[in-house]
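Just so you know, the sequences run in chain order A and B. Letter 189 of the first sequence, counting from 1, is numbered 187 in our numbering, and no numbers are missing. Letter 105 of the second sequence, counting from 1, is numbered 103 in our numbering, and no numbers are missing.
Check each hint, because a few of them may be wrong.
Copies of one chain are not kept apart here, so a pair can be met inside one copy or by any two copies together.
Claimed, not checked - Quick list of in silico lysine-lysine cross-link-like pairs, DSSO-like style, CA-CA up to 27 Å:
1) K417 / K393
2) K57 / K365
3) K208 / K287
4) K293 / K135
5) K365 / K396
6) K57 / K315
7) K225 / K57
8) K30 / K417
9) K72 / K417
10) K100 / K396
11) K393 / K362
12) K199 / K293
13) K57 / K287
14) K362 / K293
15) K365 / K393
16) K293 / K313
17) K208 / K365
18) K184 / K287
19) K199 / K99
20) K57 / K72
21) K315 / K30
22) K417 / K396
23) K368 / K313
24) K208 / K417
25) K269 / K287
26) K206 / K396
To be clear, the hints were calculated from the coordinates, so they are not data collected in a lab.
One-letter residues, chain by chain:
There are 2 protein chains.
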Amino acid sequence: MERLPGFRDFFPEPLPSKDASSFDLRDFIFRKWRETARKYGFREYDGPPLETLELYTTKSGEEIVGQLYNFVDKGDRSISLRPEMTPTLARMVAGAERNYKKPIKWFAIPQLFRYERQQKGRLREHFQLNADIFGEKDPAADAELIALLIDSLRALGLSSDDFVIRLSSRNAWQDFFQARCADPSKGYEFYQIIDKMEREKAEVTSEKLKNIGINAEDVRHFVSEGKPTGELESILNNLGSRNLGAYVQIDYNIIRGLAYYTGPVFEAFAKGASMRAIAGGGRYDNLVKLISGGKVDLPALGFGMGDVVLADLLKEKNLLPSLLTAIDVFLLIEDESVRPQSLAMVQQIRDLGLITEYSLTPAKGDKQFKRALELQARFTVRLESREGRICALVKDLKVQQQFESEPETTATLIFEKLKQ
Amino acid sequence: MERLPGFRDFFPEPLPSKDASSFDLRDFIFRKWRETARKYGFREYDGPPLETLELYTTKSGEEIVGQLYNFVDKGDRSISLRPEMTPTLARMVAGAERNYKKPIKWFAIPQLFRYERQQKGRLREHFQLNADIFGEKDPAADAELIALLIDSLRALGLSSDDFVIRLSSRNAWQDFFQARCADPSKGYEFYQIIDKMEREKAEVTSEKLKNIGINAEDVRHFVSEGKPTGELESILNNLGSRNLGAYVQIDYNIIRGLAYYTGPVFEAFAKGASMRAIAGGGRYDNLVKLISGGKVDLPALGFGMGDVVLADLLKEKNLLPSLLTAIDVFLLIEDESVRPQSLAMVQQIRDLGLITEYSLTPAKGDKQFKRALELQARFTVRLESREGRICALVKDLKVQQQFESEPETTATLIFEKLKQ
């Protein structure tokens, strides 16, 4: 039986085939994400992988349904697997914010789903780091969030040679639009044109802009001038103080596709041959109000960073560490008469938290030792019966040293050597 | 907007309300599960949260559909959210086992789903530790797996006062059945009667047994005698060698409901007032063959332990630790003129991996200090400008010591004090 198209199985290393997905690689990325978010004081949360369809249509309109992994459940509810985390988060925060000190700094690593019928061979799920701040309208919050984004990528070994934060502003584009277009209802359409500008031919963009009464030359001048607004200047100065200035540049090509952004927006962008967005986010000061039906009004901002694009980039840049966990101890059982005592020792060593392996059934000594080497064991231990007394022979495979020890103290001895 | 019935939002501590689910409690349990599985040499994997409906009906028959969270997707496939992990695992192992050394020892912490229409107010999801061994038919593997189960519970602070492993055998019950019943097609029905025996009135059980030609007195005698089979004796001896004998008892009331078990089966059972199963598992030597359509034949065994029952038990036994993560450093910014230098220091301290917080916007000194205390900061740092030079005032809140330091060396100094 096969797994569903577009989904991944995550196998432990060493991988069974070249195209298999690695649990250990996923775990490596998640750990770096977590460590970084935690040192920034962000706290982790999670929500259900399923929500009412309404939660997504409220925010993005009915047209989003074509991309959702949605269905009708046994209770006749219209349901969707979550395509993004922000609506769930806004729902949670709207209901609970009274009980948390502001600013609320939270993160999550949800699995997200989409289902576009035409997209054969494309993944229908990925994982995403989501980090968000609620309750602070000052650009200091935007800077804190962008610093976290930069450090999440630095924690994985990426540097300013590998990526840049392209910083822009919905406000700046809104001012631009309002000064030039007579029809305010075309705002969303205008943002969509700007969002697609880099991927489209100049003539196509110009034509589209013309249709809503905007001069393409004006747009190009605005982008190439790249004059920071007051809030963007404040963000740049803040990041400069942190010595992260080299990671950021104003780039008005960025506007972000989602409808709900309101202020500064940004993307982490892979430099050089790769040329693609690794992460993106921005301010969405009106979303909590929308989701809560007007009950709660909280400024908010956040970003999302997916695991698939990121893992590809790390592979490309040769930044993957060795993903096979070395074990601490392999218990060699060459004399079956001491198996009970050997099991007792396995238990003692594991009780100290050390990763310990042994052969479940009788096996030749050299086969056991070979297995110990494959598992990159730091120590082997072998019990020997000498005139009725049990003696432990310990080998430190790192320094190629062997010594004898009393069975009672062997576990602690190894533990202490490992801590050195 | 509300979340779907039967699903949980997981909030960071301190919780916004008494009935809110705690992300930090979930994380505490997951961490203990992971640490224990890893020290036993188990490697982590994961699969898709969705599978074809067929994967579940093949194993358990069509009657399982009533309990599944199943639906039809946009590509007209019959799909189900996973109700358990074993079929996914068997599918993965059947496809990849050639490339892994045996025994394969794997674990996962999947979220599982069910949807029974009548069960209002009941959870429709939970998380489960799943640990499995493939490729070893010797009872030594059963003992290794049960030892892992015991240690997973011990790692959470539970002892032999709190739980017991009730060990039984499908083989023993099969022999019993074959020696007494003329109709072999009644085997599954018989197991179901035994499985429900403890929760049903004696007369009801007796009547049901009579209907398939089994004498209830025989059954009761078999249970009360509790004579271990050879394989169970071997498991008991093995666990005895590990000094885990006190955690296990033979108990033929256990047979496990699932159809696919073949050999030893067991449950971790809460003692005393609680009296409920915390975990359960056993051998399923035929499942890989079934799932792979006969292509792969591998002996297998595993157990599952859910987070909901376990968390309730830990609360009941007062075994929950403090779940609020203390931060390492709070940067006090009382003089706004040194905010840039303070941000630089925040960055330096975070670069060393320490959890660091500060006020994003100007705030009164005492308010900032109060926040530092709430976050259980170990250190506060405050920069002061003295005749054009910046000086760092560090307070160690644990030992109530204060000292001055050069800004350049402050981060490392704090880092070293924390490592002591």
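Handout entry: Intra/inter-copy verdict for K417 and K393 if alpha-carbon distance must be at most 27 Å
Key = Classified as within: same-chain Cα gap 16 Å, cross-chain 30 Å, threshold 27 Å.
Practice task
Check K57 against K365 for me: Cα-Cα at most 27 Å, and say if that holds within a copy, between copies, both or neither.
Solution key: Neither: 61 Å inside a chain and 37 Å across chains, both beyond 27 Å.
Practice task
Please work out whether the CA atoms of K225 and K57 approach to 27 Å or closer within one copy, between two copies, in both situations, or in neither?
Solution key: neither (31 Å within a copy, 64 Å between copies)
Problem - Intra- versus inter-copy proximity for K30 and K315 (alpha-carbon distance at most 27 Å) - result: within (17 Å within a copy, 34 Å between copies)
Problem - Status of K362 relative to K393 across identical chains (alpha carbons, at most 27 Å) - result: within (18 Å within a copy, 60 Å between copies)
Practice task
State whether the alpha carbon distance between K368 and K313 is at most 27 Å within one copy, between copies, both, or neither.
Solution key: neither (30 Å within a copy, 45 Å between copies)
Practice task
Indicate which option fits the pair K184, K287 if close means a Cα-Cα distance not exceeding 27 Å: within, between, both or neither.
Solution key: within (23 Å within a copy, 61 Å between copies)
Handout entry: Within, between, both or neither, where K30 and K417 count as close if Cα-Cα is 27 Å or less
Key = both (23 Å within a copy, 20 Å between copies)
Handout entry: Intra/inter-copy verdict for K57 and K72 if alpha-carbon distance must be at most 27 Å
Key = Both ways: K57 and K72 sit 25 Å apart in one copy and 22 Å across, limit 27 Å.
Practice task
Could you figure out if K199 and K293 sit no more than 27 Å apart (CA to CA) within one copy, between two copies, both or neither?
Solution key: neither (44 Å within a copy, 53 Å between copies)
Practice task
Using 27 Å as the alpha carbon limit, work out where K199 and K99 are close: within a copy, between copies, both or neither.
Solution key: neither (48 Å within a copy, 54 Å between copies)
Problem - Alpha-carbon proximity between K208 and K417, which holds within one copy, between copies, both or neither at 27 Å - result: Neither way: K208 and K417 sit 69 Å apart in one copy and 63 Å across, limit 27 Å.
In this structure, the earlier hints numbered 2, 3, 6, 7, 9, 12, 14, 16, 17, 19, 23, 24, 25 and 26 are contradicted, and the remaining ones agree with it.
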